[in-house]
Amino acid sequence: MSDAWLGLAGFGAVLVLIFMGLPVAVAMGAIGVLGYWWMNGWAGAAYVLGSAPFESIFPYSFSVIPLFVMMGVFASHAGLSRSLFDVINSFLGHVRGGLAITTIGACALFGAICGSSLATVATIGRVAMPQMQRHGYDASLSSATVAAGGTLGVLIPPSILLVIYGLLTQSSIGRLFIAALVPGVLGAMLYALAIVVKVGIDPGLAPRAERTDWTGRMRLLGRIWPVVVLFATVIGGIYLGWFSPTEAAAVGAVGAFLLALLSGELTRATLVASARETAGLTGMIFFILVGAALFNFFLENTGLPQFLIGLIEAAGLAPITVMVLILIFYIVLGCFMDAMSMILLTVPLLAPVALELGFDLIWFGIVVVTVAEIGLITPPIGMNLFVVQATLPGLTQGTVIRGILPFILADVVRLALLLGFPAIALWLPGAMF
Amino acid sequence: MTTLTLWLRRLVWVLAVVGVLAYSAAAVVTVADILGRRIGLPIDGVVDLVQLFVVAGAWLVMPFAFMTGAHVGVDFVVNALSRRARRTLNLISAVVAFVLVALMLWQGVATFVVRAAYGDKSQQLGIPISWFWYPLLIGLAAALVGVVLGLQTVWRAGHENE
Numbered sequence: 003m004s005d006a007w008l009g010l011a012g013f014g015a016v017l018v019l020i021f022m023g024l025p026v027a028v029a030m031g032a033i034g035v036l037g038y039w040w041m042n043g044w045a046g047a048a049y050v051l052g053s054a055p056f057e058s059i060f061p062y063s064f065s066v067i068p069l070f071v072m073m074g075v076f077a078s079h080a081g082l083s084r085s086l087f088d089v090i091n092s093f094l095g096h097v098r099g100g101l102a103i104t105t106i107g108a109c110a111l112f113g114a115i116c117g118s119s120l121a122t123v124a125t126i127g128r129v130a131m132p133q134m135q136r137h138g139y140d141a142s143l144s145s146a147t148v149a150a151g152g153t154l155g156v157l158i159p160p161s162i163l164l165v166i167y168g169l170l171t172q173s174s175i176g177r178l179f180i181a182a183l184v185p186g187v188l189g190a191m192l193y194a195l196a197i198v199v200k201v202g203i204d205p206g207l208a209p210r211a212e213r214t215d216w217t218g219r220m221r222l223l224g225r226i227w228p229v230v231v232l233f234a235t236v237i238g239g240i241y242l243g244w245f246s247p248t249e250a251a252a253v254g255a256v257g258a259f260l261l262a263l264l265s266g267e268l269t270r271a272t273l274v275a276s277a278r279e280t281a282g283l284t285g286m287i288f289f290i291l292v293g294a295a296l297f298n299f300f301l302e303n304t305g306l307p308q309f310l311i312g313l314i315e316a317a318g319l320a321p322i323t324v325m326v327l328i329l330i331f332y333i334v335l336g337c338f339m340d341a342m343s344m345i346l347l348t349v350p351l352l353a354p355v356a357l358e359l360g361f362d363l364i365w366f367g368i369v370v371v372t373v374a375e376i377g378l379i380t381p382p383i384g385m386n387l388f389v390v391q392a393t394l395p396g397l398t399q400g401t402v403i404r405g406i407l408p409f410i411l412a413d414v415v416r417l418a419l420l421l422g423f424p425a426i427a428l429w430l431p432g433a434m435f
Numbered sequence: 024m025t026t027l028t029l030w031l032r033r034l035v036w037v038l039a040v041v042g043v044l045a046y047s048a049a050a051v052v053t054v055a056d057i058l059g060r061r062i063g064l065p066i067d068g069v070v071d072l073v074q075l076f077v078v079a080g081a082w083l084v085m086p087f088a089f090m091t092g093a094h095v096g097v098d099f100v101v102n103a104l105s106r107r108a109r110r111t112l113n114l115i116s117a118v119v120a121f122v123l124v125a126l127m128l129w130q131g132v133a134t135f136v137v138r139a140a141y142g143d144k145s146q147q148l149g150i151p152i153s154w155f156w157y158p159l160l161i162g163l164a165a166a167l168v169g170v171v172l173g174l175q176t177v178w179r180a181g182h183e184n185e
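Chains as they are written, first to last, in this note's numbering: chain A, 3 to 435; chain F, 24 to 185.
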């Protein structure tokens, strides 16, 4: 068996172990070590085992990960979700489907200070689901709206997935964040359009809520200044050169902590919950990084990325055809794997291919994270579908899945637009940097 | 739950809290440096400090992630199997994780001894490289405990669900 085929077999073995229930990090690490051992003997494997864990976490740039995680955890405990929802609702609640569109808007804004899809779904869902239920919204529409809206937190900066992609491909995290802004807003608009179309076809799904007068709207607007200030400081600070993305994460973490403190929501119980969430999430992410480092040692040794590039060149396929195939592969994989694992497993393999085909790595990052978003709402293991189910007692998985199709279609349209018009992602960073 | 198990769980939780405090220290030091730079009082060696805090935090929270089953995986295939098959796969999963972490610890100690002998130091503050390795070794050793405690939690939950 040639080295490249061994690499391909290793890739398949990782997938088999993952489907057997092994944690993704352990599967990648175990196959990485075994593969390297097979190719280079025990001395080689011992070297990788001794050095990869240290080197995979040591770089200063990796400090951005726990700090953005902390920012999201504290933001979700700062009681800001209710204010965000109330403000948008005061402007849109009275139109048919307005509460659902409000939910999408609240998810997008919350994603701007959170960066975690699951936290966005859980936090906004706790506020939005009872409101939509009280106004007689169809359970399928309301739950699917929260599940889909939560995916916006993955792309709208600051995004932990974009940080990890940036670290893997050595792309500028600042450029990735700026590039994600327009596609993120486009995603929110397409979701809103999906709601408008769905409610237009069946108006009974979403009755109108009460109208708020302008005095009430202005009063509510005054309550969301913390979100605006935090987002503007973190993203604006990077753009203005006040601090690096790594430092911005620290500013975001401290800022979100202070907001939670000032809101009076930071009790002993929420502090313990925050510590548990931070420890669990960062422990998981860092061990995946270790597992990915072990696997990538093996993968690079096999020369599989170069082998794939050679195969594509020999097949004479147009770059755009190859990219469509890559995206279909991602959509299928996303049905069964979580976004972060998918990115850590595949980006080291496919980013060189994308680069060789002439695609911009910043654009590729936005596209990959957009596809990962789709994976969060596609059955059977779209994580957001499960999280939203937990926000309302009695909600079944079937009810959520019934309403999700229009949002998946909206995502596919966004993907097609990104593919057809790369400037959607590349124009803003090009103009700013 | 035996007293030993209870104490081991507490130990893993304490390490996680120390880890999160280390992250917090990294955030505070960074913000203090940003503010300090504005008034001409930057913190010397901030990169070294942040690196040390984050490396320490990352390794000290890892046992907690193992203990609480925070590691992501695909479980819809496993959940469709019989209880006996699920328990077997859980055991295989834990054994593979235990062996992998044990190998990393074993070779980590060997690499640590070599690098510490060279007397390497960080670039800005001259922090001995060993300080960056201690949390790694402690974290990996405690992660072995975390793997076992995690398996115990999964088996107990499976037993209660029957």
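To be clear, the hints were calculated from the coordinates, so they are not data collected in a lab.
Even glycine gets a Cβ: it sits at the ideal position worked out from N, Cα and C.
Errors might be hidden in some of the hints.
With a straight-line Cα cutoff of 25 Å, these simulated SDA-like cross-link-like pairs (lysine to any residue) come out [to be verified]:
| id | chain 1 | residue 1 | chain 2 | residue 2 |
| --- | --- | --- | --- | --- |
| 1 | F | 144 | F | 31 |
| 2 | F | 144 | A | 234 |
| 3 | F | 144 | A | 49 |
| 4 | F | 144 | A | 84 |
DEER-style ranges, computed between Cβ atoms [as the list claims (entries may be wrong)]:
| id | chain 1 | residue 1 | chain 2 | residue 2 | range |
| --- | --- | --- | --- | --- | --- |
| 5 | F | 147 | A | 331 | 28 to 36 Å |
| 6 | F | 102 | A | 49 | 53 to 61 Å |
| 7 | A | 400 | F | 114 | 29 to 37 Å |
| 8 | A | 316 | F | 102 | 36 to 44 Å |
| 9 | F | 55 | A | 309 | 45 to 53 Å |
| 10 | A | 337 | F | 28 | 34 to 42 Å |
If you want a taste of the chain A side facing chain F, the calculated C-beta under 10 Å gives, among others [unchecked claim]:
| id | residue |
| --- | --- |
| 11 | 14 |
| 12 | 15 |
| 13 | 48 |
Quick check on a hinted range of 36 to 44 Å for residue 316 (chain A) and residue 102 (chain F), using CB atoms only. holds, 42 Å
Please test the hint of 29 to 37 Å on the beta carbon pair from residue 400 (chain A) and residue 114 (chain F). holds, 33 Å
Quickly compare the C-alpha distance for residue 144 (chain F) and residue 84 (chain A) to 25 Å and report which way the hint goes. violated, 49 Å
Tell me if the straight-line CA distance from residue 144 (chain F) to residue 31 (chain F) falls inside 25 Å. violated, 33 Å
Distance restraint evaluation - residue 147 (chain F), residue 331 (chain A), Cβ atoms, bounds 28 to 36 Å: violated, 44 Å
Beta-carbon spacing of residue 337 (chain A) to residue 28 (chain F) - inside the hinted bounds 34 to 42 Å or not: holds, 38 Å
Return the status of the interface hint for residue 14 (chain A): holds when the least beta-carbon distance to chain F is below 10 Å, violated otherwise. Constraint on residue 14 (chain A) not satisfied, violated at 15 Å.
Can the restraint linking residue 144 (chain F) and residue 49 (chain A) be considered satisfied, given a maximum Cα separation of 25 Å? holds, 21 Å
Hey, does the residue 15 (chain A) contact hint survive, CB to chain F under 10 Å? This hint is violated: residue 15 (chain A) lies away from chain F, its Cβ roughly 12 Å from the closest one there, beyond 10 Å.
Against chain F, with CB atoms and a cut of 10 Å, does the hint on residue 48 (chain A) hold up? Constraint on residue 48 (chain A) satisfied, holds at 5 Å.
Residue 144 (chain F) and residue 234 (chain A): Cα distance at most 25 Å? violated, 38 Å
Using the beta carbons of residue 55 (chain F) and residue 309 (chain A), state whether their distance is inside 45 to 53 Å or not. holds, 49 Å
Violated hints for the displayed structure, listed by number in ascending order: 1, 2, 4, 5, 6, 11, 12.
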